[in-house]
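Student: Sequence:
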Amino acid sequence: MSLSLILRLAVLGTVGGLAAGCVSPCTATPEKLSALRRGMSYAETAQVMGCEGSQVSPASVASGGLATMAWGGPGRPLSTHTLIEFENGHLLSFTTGQRYGL
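With mature numbering (1 follows the signal peptide of the UniProt record, and there is no 0) applied, the sequence shown corresponds to residues -20 to -1, 1 to 82, in that order.
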(Lines of atoms letter the chains of each structure in order from A and count residues from 1; the text may use other names and numbers.)
(Lines give C-alpha, C1' and ligand atoms only; values in the text may rest on other atoms or scores of the structure.)
Protein backbone atom coordinates (compact mmCIF):
# COMPACT_ATOMS: atom_id res chain seq x y z
CA MET A 1 0.00 0.00 0.00
CA SER A 2 1.46 3.34 -1.00
CA LEU A 3 2.08 6.12 1.47
CA SER A 4 -0.32 8.47 -0.35
CA LEU A 5 -3.12 5.89 -0.13
CA ILE A 6 -2.46 5.39 3.59
CA LEU A 7 -2.57 9.16 4.15
CA ARG A 8 -5.81 9.50 2.18
CA LEU A 9 -7.43 6.70 4.20
CA ALA A 10 -6.25 8.30 7.44
CA VAL A 11 -7.71 11.67 6.44
CA LEU A 12 -10.96 10.04 5.36
CA GLY A 13 -11.21 8.22 8.70
CA THR A 14 -10.53 11.42 10.66
CA VAL A 15 -13.04 13.46 8.68
CA GLY A 16 -15.58 10.63 8.93
CA GLY A 17 -15.16 10.51 12.68
CA LEU A 18 -15.63 14.25 12.98
CA ALA A 19 -18.61 14.23 10.63
CA ALA A 20 -20.37 11.44 12.52
CA GLY A 21 -21.51 13.88 15.18
CA CYS A 22 -22.50 16.60 12.71
CA VAL A 23 -25.46 15.86 10.49
CA SER A 24 -25.86 18.45 7.76
CA PRO A 25 -29.31 19.53 6.59
CA CYS A 26 -28.49 17.74 3.32
CA THR A 27 -27.94 14.28 4.84
CA ALA A 28 -30.35 11.37 4.70
CA THR A 29 -31.71 10.40 8.10
CA PRO A 30 -34.17 7.67 9.09
CA GLU A 31 -36.79 10.38 9.68
CA LYS A 32 -36.33 11.88 6.21
CA LEU A 33 -36.36 8.47 4.53
CA SER A 34 -39.61 7.54 6.29
CA ALA A 35 -41.18 10.75 4.91
CA LEU A 36 -40.42 9.81 1.29
CA ARG A 37 -43.34 8.51 -0.75
CA ARG A 38 -43.45 6.91 -4.17
CA GLY A 39 -44.72 9.44 -6.71
CA MET A 40 -43.39 12.53 -4.90
CA SER A 41 -42.02 15.13 -7.27
CA TYR A 42 -38.30 15.79 -7.32
CA ALA A 43 -38.92 19.22 -5.75
CA GLU A 44 -40.87 17.62 -2.87
CA THR A 45 -38.13 15.02 -2.39
CA ALA A 46 -35.38 17.65 -2.37
CA GLN A 47 -37.35 19.63 0.23
CA VAL A 48 -37.63 16.55 2.49
CA MET A 49 -33.93 15.71 2.02
CA GLY A 50 -32.79 19.30 2.67
CA CYS A 51 -31.07 19.88 -0.70
CA GLU A 52 -31.07 18.82 -4.33
CA GLY A 53 -28.59 15.93 -4.04
CA SER A 54 -26.01 14.90 -6.64
CA GLN A 55 -26.79 13.48 -10.06
CA VAL A 56 -25.48 9.92 -10.48
CA SER A 57 -27.06 8.77 -13.74
CA PRO A 58 -26.31 10.19 -17.18
CA ALA A 59 -29.96 11.32 -17.39
CA SER A 60 -31.13 14.23 -15.28
CA VAL A 61 -34.43 14.44 -13.43
CA ALA A 62 -35.48 17.21 -15.83
CA SER A 63 -34.94 14.94 -18.86
CA GLY A 64 -38.13 13.03 -18.05
CA GLY A 65 -36.49 9.61 -18.19
CA LEU A 66 -35.07 7.42 -15.45
CA ALA A 67 -32.63 9.39 -13.30
CA THR A 68 -30.70 8.59 -10.12
CA MET A 69 -29.73 11.16 -7.49
CA ALA A 70 -27.54 10.62 -4.40
CA TRP A 71 -27.47 12.01 -0.86
CA GLY A 72 -25.04 11.24 1.96
CA GLY A 73 -26.20 9.04 4.82
CA PRO A 74 -27.95 7.71 6.74
CA GLY A 75 -25.33 7.25 9.37
CA ARG A 76 -21.91 8.48 8.38
CA PRO A 77 -22.45 10.56 5.23
CA LEU A 78 -18.90 9.99 4.00
CA SER A 79 -19.22 6.18 4.07
CA THR A 80 -22.93 5.65 3.35
CA HIS A 81 -25.28 7.03 0.75
CA THR A 82 -28.90 7.04 -0.33
CA LEU A 83 -29.71 6.63 -4.01
CA ILE A 84 -33.14 7.79 -5.15
CA GLU A 85 -34.48 6.90 -8.57
CA PHE A 86 -36.90 9.19 -10.38
CA GLU A 87 -38.99 8.40 -13.42
CA ASN A 88 -40.56 11.31 -15.28
CA GLY A 89 -39.55 13.58 -12.37
CA HIS A 90 -41.29 11.49 -9.69
CA LEU A 91 -39.83 9.29 -6.97
CA LEU A 92 -39.77 5.65 -8.02
CA SER A 93 -37.63 4.01 -5.32
CA PHE A 94 -34.65 4.51 -3.01
CA THR A 95 -31.86 2.39 -1.58
CA THR A 96 -29.21 2.98 1.06
CA GLY A 97 -25.78 1.41 1.21
CA GLN A 98 -22.05 1.71 1.65
CA ARG A 99 -19.97 4.01 -0.53
CA TYR A 100 -16.76 2.91 -2.19
CA GLY A 101 -17.24 -0.78 -1.37
CA LEU A 102 -16.53 -0.18 2.33
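By construction, these hints were calculated from the structure, which means they are not laboratory data.
Here a beta-carbon is modelled for each residue, glycine too, at the ideal position from N, C-alpha and C.
Careful: at least some of the hints might be erroneous.
The calculated label-pair distances, taken between Cβ atoms and stated as ranges, are [stated by the list, open to error]:
id	residue 1	residue 2	range
1	R79	G30	25 to 33 angstroms
2	P38	E11	12 to 20 angstroms
3	Y80	A23	24 to 32 angstroms
4	H70	P38	26 to 34 angstroms
5	C6	A42	14 to 22 angstroms
Student: None of the hints should be skipped; say for each whether it holds.
Tutor: Each hint tested on the structure:
Hint check: R79 to G30, Cβ distance near 19 angstroms, so the stated range 25 to 33 angstroms is violated. With their beta carbons about 31 angstroms apart, P38 and E11 fall outside the hinted range of 12 to 20 angstroms. With their beta carbons about 30 angstroms apart, Y80 and A23 fall inside the hinted range of 24 to 32 angstroms. Checked against the hint of 26 to 34 angstroms, the pair H70 and P38 fails, with Cβ atoms roughly 19 angstroms apart.
Distance hint check: the CB atoms of C6 and A42 are about 20 angstroms apart, consistent with the given range 14 to 22 angstroms.
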